[in-house]
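Residue numbers (this note's numbering), protein chains in the order written: chain F, 12 to 343; chain G, 56 to 384; chain D, 8 to 375; chain P, 4 to 322.
Certain hints may be false.
Unchecked claim - Keeping only pairs whose Cα atoms sit at most 25 angstroms apart, straight-line, the calculated SDA-like set for lysine to any residue is:
#	chain 1	residue 1	chain 2	residue 2
1	F	LYS52	P	ALA165
2	F	LYS52	G	LYS178
3	G	LYS178	P	LEU69
4	F	LYS103	P	PHE156
Claimed, not checked - Stretch by stretch, here's where chain P covers chain F in the computed footprint (C-beta under 8 angstroms, at least three residues):
#	segment
5	82 to 93
6	166 to 175
7	180 to 193
8	200 to 213
9	240 to 252
10	262 to 272
Unchecked claim - Over 10 angstroms on every C-beta distance to chain P, these chain F residues come out as not near it, computed from the model:
#	residue
11	VAL136
12	VAL145
13	ARG227
14	GLY282
If you're looking for bench data, these hints aren't it; they were derived computationally from the structure. Ideal Cβ placement from N, Cα and C applies to all residues, glycine included.
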Amino acid sequence: MTTDLAKHDPAAPEPIVPDALELEGESRIEGRTPLQLAWAKLRRDKVAMVSLVVIAIIIILALAAPLVASLVGHGPDDQYRQAGLTPAGLPKPPTGQFIMGTDDLGRDLFVRIIYGSRISLLVGVLSTLIAVAVGVVIGIVAGYFGGIVDTVLARLIDTVLSIPFLLAAIAIVSISGPSLTVTVIVIAFFSWSSVARIVRGQVLSIREREYVEAARSLGASDRRIMFVDILPNVLAPVIVYTTLLIPISIVSEATLSFLGLGVPPPTATWGGMLDGSLNYYRVAYWYLLFPGLALLITTLAFNLFGDGVRDAFDPRSDRLFATESETEDEKK
Amino acid sequence: MPLLEVDDLHVSFGTPDGVVRAVRGVSFSVDRGRTLGIVGESGSGKSVATQTIVGLTRGARVSGRATLDGENLLGADPDTLRRIRGAKIGMIFQDPLSSLHPYYKVGWQIVEMIRAHERGTSKSAARQRAVDLLDAVGIPSPRTRIDNYPHEFSGGMRQRVMIAMAMALNPAVLVADEPTTALDVTVQAQVLDVMRDLQREFGTAIILITHDLGVVADMADEVVVMYGGQVMERAERRDLFYRHHHPYTEGLLNSLPTSGRRGKLTPIAGTPPSMITPPPGCPFEPRCVHAMDRCREKPPTVEIPGGGPHTSACWLPVERAQRTKAEAS
Amino acid sequence: MTTTEHNAVAPLLEVTDVRKHFPIGRRPLFGGPQPVLKAVDGVSLQVRPGETLGLVGETGCGKSTLARCMVRLYDLTSGTVNFNGSDISTLSRGELRPLRREMQVMFQDPYGSLNPRRRVGSIIGDPFAIHGVAEGDERKRKVQDLMELVGLNPEHYNRFPAEFSGGQRQRIGIARALALNPKLVVCDEPVSALDVSIQAQVINLLAELQERLDLTYVFISHDLSVVRHVSDRIAVMYLGKIVEIAGVDDLHDHTRHPYTQALLSAVPSADPDAVAARERIVLTGDLPSPANPPTGCRFHPRCPKAQQICVTDDPELVSRLGDDAVHQVACHFPLADGELLTASRPAIADIDPDLSFDASAAEKGTSA
Amino acid sequence: MIRFLVRRVLQGLLVIWFITLILFATFYIAPSNVAQTLGGRQATPQTIALINQRLGLDRPLYEQYLSFVGNALRGDLGYDYYKQIPVTQVIAEALPKTLSIAIGAAIIWLIIGVTNGVLSATRPRSFLDRGLTVFALFFYSMPTFLLGLLLLFFLYFQLTLAGVKIFPAGGFVPFSASPGQWLLHMILPWITVALVSAAAYTRLTRTSMLEVLGEDYIRTARSKGLSERRVVLRHGLRSGLTPVVTQFGIDVAGLVGGVIVTEQVFSIDGLGRTSVTAITQQDQPVIIGIALLGTVAVVVANILVDIAYAFLDPRVRLN
């Protein structure tokens, strides 16, 4: 019916023509990994970048705590019974000597807050890393194998999730006695299950994807499918969750220390300081305010940063080829 | 004056990757009792164009003119548009399962539609109408099925429910956006039949959006071919299939594995253009075997003589289309 | 290929009475058998080297499940699969691994079948890595050769799937399937997700590769016009069974099964005059649930020619009305040449117009 | 549905039994010096042995466990070692206080969280959305005990200093004694518990609603010409609430232990504070009693969530 055009058409397309060449203009970001793409997006996010700077400063201060102490001239546990307390034996307000005031034992709050950041970061990061490592492995294994393996692991995850954290933590600490190690382990023990649940959920859906079936049809082993095909695809939510789990762990540590069940005194911890302030804040607002602010700023910075990371990994905004239905999403 | 008229419609969206110019100067119209087919591949802007008219593309930048029965649609205030949606323009979509609310009974959803526009209608009266509607679209035992949830219906039956709902207030225009794409061919035939019957009975104008030229050949009176957010060709059905002018229309038809033709197909080389940085001239120019220098600037919209409102946005001589007709006859 | 030629060649793949039942829901509380969905329920067919066997049917008819059984991505409920002369029905995953080099699957969704987090080079190189065929630079060279073969720019080796369009992604899938030089390629709806202009590119590519590499295809699609274009023979499936199988021209010119005719007549054609002239058969009712298929001939509740025997007896898939052995149909009352289904009225009373439809069950059967 | 419920209840009972086993193992096998504490410093070994005998701590473990289970089934959870009153009575005294805090706070955070989340989701990227996001992240980052302390400092201490005596420093007045005083004593604890959770629920509701509002059936609802209000509340919220309901069930059940910090800060002797005291004193019967109650709460909440799910989603109900 339309033979005419075809006949006088010298450049009739070859069937095996590289149609990829036409795309050159659109694919300038060639070969960038999803991680790089997310980072590029994150860098445009001002709030996240400010938070990152704040986090960096906190980390640097924590690392430089001994330096700060020697500059100020007060150790974290040094008690200045004369200079650091009022004649009535109460904490002293901020002065040139103690820029954030002193606590009820005449210790320099500023130095103690700097030292406290070490505990917060250490517990926050360490327990998160342990939780994520355990959670990812259990989540992938449960989700991938399914069946009885999944049933058992999923029950385990649910059980751990349904234990009230604080109550159980208190119970464990009351038996073992408080220490830094116990704090890290207790927090990690109650955090891995939520990571595992998220990863398992992801793997359950990824397992049904055609590319996993494709790998199977090529004869790939279970281990290869789990770690070469599936793991990279759960990385994004795991990274997001990791950044959000750190502040949660920091708060958990502070709460335990506040209840006297975290890192035992005299080690400086923010929670411990706030516990100490309970009897003094009516006469010494700084005792409550500065450790509280330090804690709040740290968790806020991590949460804002984590929120930015989540946005950066949001698949809804990194599509290269927006089809009609996808542009629909963009509008909303 | 046509019932629904769209003139020089432009729609764009801001996205993180840049501004997507989904529709760039589209015009079409449809009359009472007639079916306009809008054909195009994914990303051609065909759905965006129709959804914009009824104000369903929120957050889009829109310009142009659209009128229904003389009443202005673009730029109308949200309340006016809301009264038009459903009452005067009914819509059905591609996937009837995801388009019906999974938590509500189908009867509830139809009754809601009726009562949203006719405040005075009692619940029982609306329910009786819903039963009649389900019956009209060929759902067996509608009196019991009205209390079923969408997931208790098959794909074809769900789409019938959607049609019943869209037709509930006897709208002047029915916009069917890929209504049969998710359905099997035998079911597609049933659903198209239902639409045809309703049109005959109520004189509804239908805008049928599809990528399937076969559906268009079956249903449409007039056809608009879209590509890269623009109209490439517009013609009466037979003109479009037997006397088309635009190389894109030709390419589409040649790509089809039509019955009886074995061996090699003649596809269109290349891929559709980016809608963020569309080609400055004719969007089809990068893939067109007839591309000329001036195609890179702007294609003309020429009227093809020979009866009917046949236009084509292409620089090629008009005789091409006429010659094809001579050979065909 | 004539009948004698057809039968002279040993089949590359032979499927005999294959059944695949999926458990659905829970076992009843008080005993009773586990309810199953009979996705594939007794299918036998042969695929000869070098041919393309088309497999058509509507959603939920079991065509994709059958394809996965053919290459043993699924364990069979019963029946045997012979590949290249050896029985592979009960081989374990490990035992199947060497055979995976010879039979490959090409998937439908070009977006879903490529791992979005891996580079194209490593995706296409996967078969080499899994089977330890080539390493390092040699693997890269082979991958780039493959990319060139399927019409991709080899320089895009390091890109991610998201940076390619749908048609290009399907080419990536093709390159991966061809990496180990297979004998049999099962194409599961390879062009269904593509726009027509791109679809034609891929169909041409598949045809050209078949010729060049001596491939045997099992080509699954719900689109009859595509299947008709690419296939030598076509098998039509309905509710887990093959209702008719024939050479492509025979199937169209001498349609025997009422369902085949209904299906053919429903295919939209981009030719208004032909559409207008055509006698259309609109089937009534819905596809029954594969969990609880009708008795006898499964098509009987929707068949205009149904008689009492169709309700009770399941017709065998054999040659009828004097057809040669290549053309087989499972119908008690096959259509004569030129007979139109529209003229028939069913002779049984128990056709239920409102076949209740178990959506969850049907969707489960739709692995496509 | 009935079958499903029966199965869930049986599963729940299994979990409860499992937990009693763990609790028992944890607290009775661990080295205990209750007798030492009770007997005082001068207690002779004989006294300690006597105390152990009276408390039944000298019997074999399985025997202790069996008698514990047997008694528990009859509603007897044993005696508080120190106060010498039944554990059930200890719980009965503490429970109303905890419930007062928990129920009030839950209502507040649910209302604030869902309202804010819906507002945010209907105007994504607007000024309001950003504002609410900042609000949410701020309180989400706030440790509960810190918020409690700050509220005490500003709303109790500073106000009192300024001569405005509205809020008490803490403590509890039963509702039956004085509804007004009960309310005044509860407001600060409620805010403390509620704000942190409200922040989390704002985020949860926002995410869930954003997802739902992108669904095809919302487009259908709009294409029907429904008012935007109806589209969001009747069509959007109905499905958007599903994850919120799930989370709410889990959180409310967890409140039995979750208000520990708040009770500590506001000196309210609810279940949390009582259990902390019991743990530090190794008062096993009380610990186990409260823990058991907590477990039952979690199990019941999970079953209620499942029922709510079935109520919300017909697809669950009918399968």
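Results for each hint:
1. F:LYS52 <-> P:ALA165: Not OK: LYS52 (chain F) and ALA165 (chain P) at ~49 angstroms, beyond 25 angstroms, violated.
2. F:LYS52 <-> G:LYS178: 52 angstroms, violated
3. G:LYS178 <-> P:LEU69: The given pair, whose Cα atoms are some 61 angstroms apart, is violated under the 25 angstroms limit.
4. F:LYS103 <-> P:PHE156: 18 angstroms, holds
5. 82 to 93: Contact hint for the segment 82 to 93 of chain F vs chain P: violated, 0 residues under 8 angstroms.
6. 166 to 175: holds (count 4)
7. 180 to 193: This one holds; 4 residues, not fewer than the three required, reach chain P with a Cβ under 8 angstroms.
8. 200 to 213: Violated, because only 0 residues of the segment 200 to 213 of chain F bring their Cβ atoms closer than 8 angstroms to Cβ atoms of chain P.
9. 240 to 252: violated (count 0)
10. 262 to 272: Coverage by chain P holds for the segment 262 to 272 of chain F (5 residues, Cβ < 8 angstroms).
11. VAL136: 17 angstroms, holds
12. VAL145: Its Cβ never comes within 10 angstroms of chain P, the nearest being 19 angstroms, so this holds.
13. ARG227: ARG227 (chain F) is indeed farther than 10 angstroms from all Cβ atoms of chain P, at 29 angstroms.
14. GLY282: Given a closest Cβ separation of 8 angstroms, the condition is violated.
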